[in-house]
Amino acid sequence: MFQQARWDEPVIFKLGSKGRRGCSLPQVEAEVSKLANRVVDELPKAMKRKMPPNLPELSEVEVVRHFTRLSQMNYSVDLGFYPLGSCTMKYNPKIDDLLAGATGISELHPNQNESTVQGILEIMYTLSRWLAEITGTAEVSLQPSAGAHGELLGVLIMRACHKFNGDAEMRTELIVPDSAHGTNPASGTMAGFRIVVVPSNRNGCVDLKALKTAVSEHTAGLMLTNPNTLGIFEEDIAEIAETVHSVGGLLYYDGANLNAIMGKVRPGDMGFDIVHINIHKTFGTPHGGGGPGAGPIGVSRELAKFLPIPQIAYEEKRKRYFLDYDKPESIGKIRGFYGNVAVLLRAYAYILSLGAEGLEEAAEISVLNANYLVKKLREIRGFELPYAEKRPRKHECVFTAKPIFKERGVRAMDIAKRILDYGMHSPTTYFPLIVDEALMIEPTESAEKEELDRFVDVLKKVSSEAYSNPDLLKTAPYNTTVTRLDEAKASHPKTMALSWRMHQKRNVIKDASP
Amino acid sequence: MMQQIGIKSIDELYADVPKKFQLKKKLNLPKSMSEHEVREHVEALLRKNKSCRDMPSFLGAGCWLHHVPAAVDNIVQRTEFSTSYTPYQPEISQGMLQAMFEYQSMICELTAMDVANSSMYDWASALGEAVRMATRINNRTEVVVPKLIHPERYATLQTYVEPLKLQIKSVSYNPETGLLNLENLKHQISEKTAAVYIENPSYLGFVETQVEEIAEITHDKDALFIVGIDPTSLGVLKPPGEYDTDIVVGEGQPLGNHLNYGGPLLGLFACRDEMELIRQMPGRVIGMTTTMSGDKTGFCMALQTREQHIRRERATSNICTNEALCAVASAAYLALLGPQGLRELGEIIMMKTRYAMQELAKIKGVKAPLFKSSHFKEFTLNFGKTGKTVRTLNQTLLKRYGILGGKNISREFPELGQTALYCVTELHSKTDIDQLVQALRNVLGRKR
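From first to last, the protein sequence lines are chains A and B. 161 is the number of the first residue of the first sequence in this note's numbering; add one for each residue after it. 190 is the number of the first residue of the second sequence in this note's numbering; add one for each residue after it.
Keep in mind that a hint or two might mislead.
Stated by the list, open to error - Here are the computed lysine-lysine pairs in the DSS-like style, where the Cα-Cα straight-line distance is at most 30 Å:
#	chain 1	residue 1	chain 2	residue 2
1	A	LYS323	A	LYS487
2	B	LYS556	A	LYS194
3	B	LYS209	B	LYS197
4	B	LYS214	B	LYS197
5	B	LYS354	A	LYS323
6	A	LYS208	B	LYS410
7	B	LYS619	A	LYS194
8	B	LYS561	A	LYS479
9	B	LYS208	A	LYS550
10	A	LYS621	A	LYS609
11	A	LYS465	A	LYS477
12	A	LYS194	B	LYS553
13	B	LYS556	B	LYS485
14	A	LYS465	B	LYS215
15	B	LYS561	A	LYS208
16	A	LYS174	B	LYS636
17	B	LYS636	A	LYS194
18	B	LYS209	A	LYS369
19	A	LYS609	B	LYS220
20	B	LYS208	B	LYS197
21	A	LYS205	B	LYS410
22	B	LYS577	A	LYS477
23	A	LYS536	A	LYS621
24	A	LYS566	A	LYS634
25	A	LYS670	B	LYS485
26	A	LYS372	B	LYS208
27	A	LYS210	A	LYS178
28	A	LYS194	A	LYS178
Said to hold, decoys possible - A few chain B positions that, by computed beta-carbon distances, are all more than 12 Å from chain A:
#	residue
29	SER379
30	LYS381
31	LYS636
Derived by calculation from the structure, the hints in this document are not laboratory data. In this text, a Cβ means the ideal position worked out from N, Cα and C, and glycines have one as well.
Taking the hints into account, I'd like the entire structure generated from these sequences.
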């Protein structure tokens, strides 16, 4: 049986001892210190720090052991199967990490003279062209730091386009399907739009009739992911695009599910005007426990002028890459500098490793794996496949555990927790919102058949446990670093402890660590 | 597998993609390469770059060259951290959650604030989010910023608040000291002001000392006080939590993260322990809790009801993926330095900065710095009386001496004339600085 590490590791503030240090700093030359040793004393009193910060005092080995122990209490792709739907937890090739560690990128300053950074500019320029090819768009900006950041930029470009055409005041509505990722409506609101939700039809796809009623001269655009969050391809995409375009709206492609269609079909060809790409999903860069990622966006030729400054460009005459700030219609900046370059470099190496055929194969196998799971999991008692059960899924599938809930009172969350006990990460739960007791499963192309079969076996066991001993699931997990946590306590105003100092001040949460 | 699914070809799984959209040709991308070929290819490209390890660099301006302890790199390279996702299942993700809680806690200690989130993309976007947060709290329509703000941060702020139709007002500065013109601040602030923002140290490196007055003027109008910081300064400079700051933003990159050509960076975000503020905070935040049985401490994401996956269009922000691994690097960095190390870091930086300013100021026609104030890590170098432009000087420094001069800010702030922003950290040796001084003397034709 699986057993995750349990180190009983205290919060770092409880470790170490006064006066201890884990890092030495370069010495100050005598001539410098002689001249300047009073410089801190000369700081105006109003701005001098009186009390040193209450940071822990540890030796190097103590710090390394602490974080190594913490790392052992953390599940990851390198430890096992991670079928978290919508997150594309594929394997992250090690060569990409190795290359990103080179000083030829890690020690480059963003304001260096362009003549000293031609290599990295070439990598970024080429990557942007490849991403344009993969998505079927005209121009790509690499700047957004994450998918949601790309969404924000995308809807701001939508807004800028309508403003440019003089009808921004009128186009105040952004349409999203009820199955959309939460980021879509959140991004739309940030860009000042009113969100209009369209329902899904019986097949889990956008209800065309409802969409046709929803669009009007007030429509700024539609945000859609295709395949959608159920893993189903929106086969009416041509009509959807036409409906939105016919009223002057723009079509936004949420790239979270791009992995399913690389080399098979391109968002730009389907009529999408703006596309974001989750580099950390589709192009194999590590998720880092929540980041950094990268969320480039591609746009049609008409919208390219609105992309943020600078764009990375190539001047044929002088055979040089440069940062192009000469974009008068640009929406401006969405962050400092040019994007998460160390992440983008990994994606460059990833695409180079796979090539056109490899990317297509990755898409195909991710889809094959998901459909294999559909077939196998449908045979398990208590799990049902909602919506269009005859249609193939793409890279992911969504099951409902409603029968188990109805019959035994066991929730999807309980099932997810029990899966952890078998040494696997659980699927995404309770999403999309249109499925009750949802378990959203994305195996990716990285899973071998044996791995998929193991997962199926685990779900079989969990199902039979749910029927024979439901209470076992309701307090799972047992084999993880900690047993089930009281998440409500962490968010309750009375028990909230969001930092060590807040914890010490309030002292409501019992700290049982050594 | 295909047999089990009941298909003969994988194409059948794509049969529902309308024919006219199915890609008829292969993508126009290079052919796949072996691992060795990829390595050769990418390394050849990277060799075309000259890095700040190959030549002395005096560039800063929001992305700073500092020592990254080997232990920090080693910790973040552990793939148990790097290949994990956002800790949605906390029981199996305690390592990352505890590391992020410790990061938040150390940022709180450093800034003397109560609550920090687990990161934003960078300083600029954190500022945009902070101002949006202020408007959610007080429903006001203007924000006041210093004129001497980092232009990229200003531009990012503009982008973030444009949909709110928020007006940004700039406060002038004292031409002698660079400090905020308080009379002008009083003139610009009003009942419409959602927040007043300052940077400390400022974009141009000088330390703003009138912080208590600014906080008072701000709070007199019931506006929120937002302060942007460089955390490496907080071993020596008073933390914003001690001068009545409501929201702190800043750049965490210098705490154990490499330059990486400007990304990833690490947006710091902290606020006071007040429910009104905490509820409106953007981003993920990790909290301490216990197991259901109450016998063990643990960590999980807290206050998720503010976030997009629950609150959708009413979320405080759309941010989800952030810079978590960079935050872990910063936690490890701060733990290695400790309070003494951080103080020492600040002292070394200030001493070396002072030395550089003094030596450069000896060159005839050169003014270093432009403002009579205390400086931390960065300072202005004005070439007005030399008749040379920063542009040509920097080109010559690079070509002839292999030195990356400071950032040219002549176009960002034309009223400051031919001025560059120079950055000196603990990594600049006396030799580096002396070399720069000698090179400038030579270029400007000034003898010792």
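Consistency of the hints with the structure:
For the proposed pair LYS323 of chain A and LYS487 of chain A, the alpha carbon gap of about 16 Å is at most 30 Å, so the pair holds. A hinted pair counts as satisfied when its Cα atoms are at most 30 Å apart, and LYS556 of chain B with LYS194 of chain A qualifies at roughly 22 Å. A distance of roughly 22 Å separates the Cα atoms of LYS209 of chain B and LYS197 of chain B; the hinted pair therefore holds under the 30 Å criterion. Restraint check for LYS214 of chain B and LYS197 of chain B: the C-alpha separation of about 22 Å stays at or below 30 Å, so the hint holds.
Only pairs whose Cα atoms come within 30 Å are accepted, and LYS354 of chain B paired with LYS323 of chain A is accepted, the gap being roughly 13 Å. The hinted pair formed by LYS208 of chain A and LYS410 of chain B meets the criterion: a straight-line CA distance of about 27 Å does not exceed 30 Å. Between the alpha carbons of LYS619 of chain B and LYS194 of chain A the distance comes to roughly 12 Å, so the proposed pair stays at or under 30 Å and holds. The hinted pair formed by LYS561 of chain B and LYS479 of chain A fails the criterion: a straight-line CA distance of about 45 Å is larger than 30 Å.
With a C-alpha separation of about 19 Å, the suggested pair LYS208 of chain B and LYS550 of chain A falls inside the 30 Å cut-off, and the hint holds. Pair hint LYS621 of chain A plus LYS609 of chain A holds up; C-alpha atoms about 18 Å apart against a cutoff of 30 Å. Straight-line distance between C-alpha atoms of LYS465 of chain A and LYS477 of chain A comes to about 22 Å, which keeps the hinted pair within the 30 Å bound. For the hint linking LYS194 of chain A to LYS553 of chain B, the alpha-carbon distance of about 24 Å falls within 30 Å, and the restraint holds.
Restraint check for LYS556 of chain B and LYS485 of chain B: not satisfied, since their Cα atoms lie roughly 61 Å apart, outside the 30 Å limit. Taking the CA atoms of LYS465 of chain A and LYS215 of chain B, the gap is near 28 Å; set against the 30 Å cutoff, the hint holds. Taking the CA atoms of LYS561 of chain B and LYS208 of chain A, the gap is near 17 Å; set against the 30 Å cutoff, the hint holds. Only pairs whose Cα atoms come within 30 Å are accepted, and LYS174 of chain A paired with LYS636 of chain B is rejected, the gap being roughly 57 Å.
In summary, the hint linking LYS636 of chain B to LYS194 of chain A is supported, as the alpha carbons are separated by about 25 Å, within the 30 Å threshold. For the given pair, LYS209 of chain B sits about 23 Å from LYS369 of chain A by alpha-carbon distance, which is consistent with the 30 Å threshold. Taken as a hint, the LYS609 of chain A and LYS220 of chain B pair is honoured in the structure, with Cα atoms around 27 Å apart against an allowance of 30 Å. For the hint pairing LYS208 of chain B with LYS197 of chain B, the CA-to-CA distance comes to about 19 Å; that is within 30 Å, so the pair holds.
For a cut-off of 30 Å, the pair hint linking LYS205 of chain A to LYS410 of chain B stands: about 26 Å separates their Cα positions. About 29 Å separates the Cα atoms of LYS577 of chain B and LYS477 of chain A, which keeps this hinted pair within 30 Å; it holds. About 13 Å separates the Cα atoms of LYS536 of chain A and LYS621 of chain A, which keeps this hinted pair within 30 Å; it holds. With a C-alpha separation of about 14 Å, the suggested pair LYS566 of chain A and LYS634 of chain A falls inside the 30 Å cut-off, and the hint holds.
Restraint check: the Cα-Cα separation between LYS670 of chain A and LYS485 of chain B comes to about 8 Å, which is no more than 30 Å; the hinted pair holds. For the suggested pair LYS372 of chain A and LYS208 of chain B, the alpha carbons sit about 24 Å apart, so the restraint of at most 30 Å is met. As the CA atoms of LYS210 of chain A and LYS178 of chain A are separated by approximately 18 Å, the hinted pair is consistent with the 30 Å bound. With a C-alpha separation of about 29 Å, the suggested pairing of LYS194 of chain A with LYS178 of chain A holds against the 30 Å cut-off.
The claim that SER379 of chain B is not at the interface with chain A holds, since no C-beta of that chain comes within 12 Å of its own (minimum 24 Å). Distance to chain A confirms LYS381 of chain B as a non-interface residue, since its nearest Cβ pair spans about 19 Å, more than 12 Å. With a cut of 12 Å on Cβ distances, LYS636 of chain B stays outside the contact zone with chain A, its closest approach being about 21 Å.
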